[in-house]
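I would like the entire structure built from these sequences, with the hints used as guidance.
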Amino acid sequence: MSINHHLQCVSLLRDCKTLSHLKQIHARASKTGLDADPLVAGKLLLLAATTLADALDYARLLFFRTPSPDPFMYNTLIRGLSESDHPHHSLLTYSQMRRDSVPPDSFSFAFVLKAAANRKSLSVGWQLHTHVIHHGLESHLFVGTTLVSMYAECGCLASARKAFDDIPQPNVVAWNAIVTACFRADDVKGAERLFERMPWKNSASWNVMLAGYTGAGELGSARSLFLAMPNKDAVSWSTMITGFASNGLFDDALSFFRELLREGCRPNETSLTGVLSACAQAGAFESGKILHAHAEKAGLSSIISVGNALLDMYARCGSILMASRVFDWEMEKKSIVSWTSMIAALAMHGYGEEAIQLFHKMEEHGTKPDGITFISVLYACSHSGLIEQGHKFFQEMENTYGIERSIEHYGCMVDLYGRAGLLHKAYEFITNMPIKPNAIIWRTLLGACSIHGNVRLAEHVREKLSELDPSDSGDYVLLSNIYAVAGKWKDVASVRRSMIVQRIQKTPGWSSIEVDKVVHTFVASDDISDVKEEVHKKLTEVMARLKMEGYIPEIMSVLHDVEEEEKEDAILRHSEKLAVAFGLARMPGESVIRIVKNLRICPDCHTVMKLISKVYKREIVVRDRSRFHSFREGSCSCRDYW
DNA sequence: CTAGGGTTAG
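For the first sequence, position 246 (counting from the first letter as 1) is numbered 246 according to the UniProt record's numbering, and the numbering increases by one without interruption.
Keep in mind the hints are simulated off the structure, nothing from the lab. Don't take each hint at face value.
Listed next, the in silico PhoX-like pairs over lysine-lysine satisfying Cα-Cα at most 25 Å (straight line) [unchecked claim]: (1) K532 x K506; (2) K488 x K506; (3) K201 x K162.
Being a predicted model, the structure only gives us computed values, none of them experimental.
Dropping the structure here:
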């Protein structure tokens, strides 16, 4: 082999961007025997295992074809696998390294400890720690820091502290790791004490505190620390935006983004995806569209994560059209997240068949589904009543695709059977599950009992729930509705009493609507005089007009929490009705009224929305906790199946 | 030729 060939090969590898490109280079290198050169082999493996997308299988092939891999190759494969969906394989490679009598070094431990962290396996972590000590590496700065993070990830703060104390001269990175560990263990005070004691702080240390505070819901502390921060960097801004968004404070998230622009900082992909996620959750369609323009102007819209956030924003703001436009025309590159998001978007809007078609298209495209893809696909089946299809996917995901089924997948199946009225099949399914059913599983069945009015099964489920999670207000509301519909007033009263005795508060329902780029939120109020005069007036007018068209209030579902004479007033005050009245009062005649609700839409509100869409000739889109309802000309996209 | 801490969509 010549020097020339070697140089040429190395320069080719430097510019290698895709797996197929890598395969070409590999093929050429094998012809000249260059692939046996440790430098070339190492670089090939490094690219496949860590840099290129979807190339891990090829990395394993490269590795297993190498007769006696050097430590670098072991480390590289351990590293690649540690961040994969199967960190377990990383641990197996590490074991093989030991079996092959290749001594692990500090790099090996840094990578394999990451695998233990990703598996959240404390026992594996302990075991690896003894190996670290055996190799005399416990005071190694990098290994020690990874140990701290691993213990934090596995939920053992005490061990993280010990590992930190074993580091003779911890640097700022090690300090940041132990502060993060405190936050992971909900020890905010401990984190604050360490932050005070830190010998040096760079901006990352402050960012650790910001992320810790927002993660703990201490937004006031986060805000004051942010204001006091000497050097805010891009991560600080992103942390505030995503932190406030994930605590439901969408307005603040948007304000931070606007302030970032005012300060003359350039938004990056993280701040943009964060603020888009805030719009998605709040249903702020107008603000989202403006951000889309921002993204294009800043040249960020071609980044996959930004495209995914845009498509998700449009889908959650009720525009399946814009979502698919982003997906079909504006995303040259797509990841598993893009496909899954689009499948979920179609499913949320009731396009079950289309969601399944897209799943097959994804496969033809060569993208392998993962566990979350199957959650979306099963959700699509259950919300469109595709029982056979759902059953088939559930079987195939494990048998054909080799993806482990989690409790969420079982939950989808319970929903699939239950929604369709196959209550006993759903019950039988739960009793035969190989995983212990949790409260969510039983709650799903309770929801199905409510749809289909099965009191006896509901009572049985109630017992299970009272063991697993006795304080969920939604369960009590569901149960009392089931009794009310069946006319069992004594039982309604008894559920109500037990709620009072156990001091269970109903989750307050809220609905929001964006008008002129401002999100207005309405809460179901106890006192009609709390409602703005403008909204009250409009609502009274609307209801009068609907009654002339033959509307009769469906008061069944509220009988549990109000006195007889108040029941009509009570459903009149539902937050989604206040929001739609506000929309009718404030928005021009043509525009679509988009509402987001935190709970499920109530049957009476559903009827009212249908009627408004017909009488006022307005399209109304309501996103509730589980799906979209698109009301047009008197009917709903959910076909009354929700 | 490889590492550790802080923000990122389903």
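Going straight from one Cα to the other, do K201 and K162 come out at no more than 25 Å?
holds, 22 Å
Run the distance test for K532 versus K506: straight-line Cα separation, threshold 25 Å.
holds, 23 Å
Measure nothing beyond the straight line between the CA atoms of K488 and K506; if it is 25 Å or shorter, mark the hint as holding.
Cα-Cα ~21 Å, so holds.
Violated hints: none; the structure is consistent with every hint.
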